[in-house]
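All chains, full assembly: derive it from the sequences and hints.
There are 2 protein chains.
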Amino acid sequence: MPYELYYWDGIPGRGEFIRLALEEAGADYVDVARDSTAAMMKIINSRTEPHIPFAPPFLRDGEMIVSHVANILLYLGPKLGLAPKDERLRYAANGLQLTIADFLVQIHDTHHPISVSQYYEDQKDAARVRAAAFIAERLPKYLGYFERVLQQNPHGDTRMVGNGLSYVDLSLFHVIEGLRYAFPRAMQDYERQYPALDALHDAVGQRPNIKRYLASRRRLAFNESGIFRHYPELDTSD
Amino acid sequence: MPYELYYWDGIPGRGEFIRLALEEAGADYVDVARDSTAAMMKIINSRTEPHIPFAPPFLRDGEMIVSHVANILLYLGPKLGLAPKDERLRYAANGLQLTIADFLVQIHDTHHPISVSQYYEDQKDAARVRAAAFIAERLPKYLGYFERVLQQNPHGDTRMVGNGLSYVDLSLFHVIEGLRYAFPRAMQDYERQYPALDALHDAVGQRPNIKRYLASRRRLAFNESGIFRHYPELDTSD
Numbered sequence: 001m002p003y004e005l006y007y008w009d010g011i012p013g014r015g016e017f018i019r020l021a022l023e024e025a026g027a028d029y030v031d032v033a034r035d036s037t038a039a040m041m042k043i044i045n046s047r048t049e050p051h052i053p054f055a056p057p058f059l060r061d062g063e064m065i066v067s068h069v070a071n072i073l074l075y076l077g078p079k080l081g082l083a084p085k086d087e088r089l090r091y092a093a094n095g096l097q098l099t100i101a102d103f104l105v106q107i108h109d110t111h112h113p114i115s116v117s118q119y120y121e122d123q124k125d126a127a128r129v130r131a132a133a134f135i136a137e138r139l140p141k142y143l144g145y146f147e148r149v150l151q152q153n154p155h156g157d158t159r160m161v162g163n164g165l166s167y168v169d170l171s172l173f174h175v176i177e178g179l180r181y182a183f184p185r186a187m188q189d190y191e192r193q194y195p196a197l198d199a200l201h202d203a204v205g206q207r208p209n210i211k212r213y214l215a216s217r218r219r220l221a222f223n224e225s226g227i228f229r230h231y232p233e234l235d236t237s238d
Numbered sequence: 001m002p003y004e005l006y007y008w009d010g011i012p013g014r015g016e017f018i019r020l021a022l023e024e025a026g027a028d029y030v031d032v033a034r035d036s037t038a039a040m041m042k043i044i045n046s047r048t049e050p051h052i053p054f055a056p057p058f059l060r061d062g063e064m065i066v067s068h069v070a071n072i073l074l075y076l077g078p079k080l081g082l083a084p085k086d087e088r089l090r091y092a093a094n095g096l097q098l099t100i101a102d103f104l105v106q107i108h109d110t111h112h113p114i115s116v117s118q119y120y121e122d123q124k125d126a127a128r129v130r131a132a133a134f135i136a137e138r139l140p141k142y143l144g145y146f147e148r149v150l151q152q153n154p155h156g157d158t159r160m161v162g163n164g165l166s167y168v169d170l171s172l173f174h175v176i177e178g179l180r181y182a183f184p185r186a187m188q189d190y191e192r193q194y195p196a197l198d199a200l201h202d203a204v205g206q207r208p209n210i211k212r213y214l215a216s217r218r219r220l221a222f223n224e225s226g227i228f229r230h231y232p233e234l235d236t237s238d
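Going down the list, the protein sequences come from chains A and B.
Heads up: the first sequence at position 101 corresponds to 101 in the UniProt record's numbering, and the numbers run straight through without jumps.
Heads up: the second sequence at position 133 corresponds to 133 in the UniProt record's numbering, and the numbers run straight through without jumps.
No lab work stands behind these hints: they were computed from the structure.
Small disclaimer: the values here were computed from a predicted structure and weren't measured.
There could be a bad hint or two in this list.
What the hints assert, rightly or not - With a Cα cut of at most 27 Å, we get these calculated DSS-like pairs of lysine-lysine: (1) B:Lys42 / B:Lys211; (2) A:Lys42 / A:Lys211; (3) A:Lys85 / B:Lys85; (4) A:Lys79 / B:Lys42; (5) A:Lys124 / B:Lys211; (6) B:Lys79 / B:Lys211; (7) B:Lys85 / A:Lys141; (8) A:Lys124 / A:Lys141; (9) A:Lys79 / B:Lys124; (10) B:Lys141 / A:Lys124; (11) A:Lys141 / A:Lys42; (12) A:Lys141 / B:Lys42; (13) B:Lys79 / A:Lys85; (14) A:Lys42 / B:Lys141; (15) B:Lys124 / B:Lys141.
Claimed, not checked - According to the in silico footprint, chain A covers these stretches of chain B (three or more CB under 8 Å from chain A): (16) 19-27; (17) 66-73; (18) 85-99; (19) 117-130.
Glycine included, every Cβ here is placed at the ideal spot set by N, Cα and C.
Written as structure tokens, this is what we have:
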């Protein structure tokens, strides 16, 4: 039975971290809500389901419903061959994925500092201040951290954890893609500052299954409804 | 060898979710940074450690370093007898803990919508707007979700997951405590709206080990340096 991924249609969003793992592994899956969100909303609004998710993305695997990106990848990683074999290293991978989750909140809130239920246009002034603080402080702090993790990996600086490709590597590929889309000016010099991260990004992008996926219609383009939005007025580089 | 918890001194903060689990289980642990943050900063700034945490809290158990609240509880839960015995339910517990983590970010950002490196006083206007949106939209959405999870638990509405006490129950106790401290007006009617959540809160607060801990000097009081801050101007109830 194929895995069922439930996520909003129209944006790569948080669903993308799950898609990249499923695609890299060549797993059999259905991206359920690409046609209609009815089945997804039925689960979310269910009054009988014992393990209701708070929000998409979530994964259904037979009777199991698993929600939250890091939790889904914790569950899928070993099944897809994308988690460290050493169980102790799986906590390191999970910790890194949770740092990525925190980073995504910071990235999202650059354009929505006040409320998710208001339009960007209605919180533009606060967004400018928040985005400037993000670019000056949070962006280098997070990227610098991920660069250090790569450089301090005892198995070599081509993997975030252990000596094999993991879902954390795939997720960081997508974060770099998104940041380059949203903040091209702020990111213009990133290769020089974060060489190991840049090399990881390029290596993931060259993997056959990832390349095939990125060129397919299953891959959704970044746009201004998602987490990574390109608003030139928020992309300051000084 | 005792567990070593590393977290900032002076606030309950995110470290509290780990403390509550260790205290309920009567585990042997050291709250390392209560005396000095030197040992904590040494690990965070290490240039050789293979699994550097991005930020506190983190836990050291012998050679293992585990970071992020949900990840630490995932690791400790089974050892402390505070996780479901059924492995599949552990993903449900982890998903709930991650929803609590997201909720905490929303709570924190009511007083820091613009930048963590600026004082509250310098982002007070944005904070008022964000807090009003939080109280009107996010607070009922999250509390309503947790109430539904309790009411739809096939093992009964006294536990968040499965039929035994878990770290998720302890964490929700602390969230309710914090919300009542920070937003007494917005929370004044919460018992009526969320009866199962209120009963869970009271039941956890009556557990002998928790009672003893709350009365001890190991428990830090809420204050205006933490996640849950009481600023009357942010606590609107209409």
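Problem - List of violated hint numbers, smallest to largest - result: The structure conflicts with hints 1, 2, 4, 5, 7, 9, 11, 16, although it agrees with all the remaining ones.
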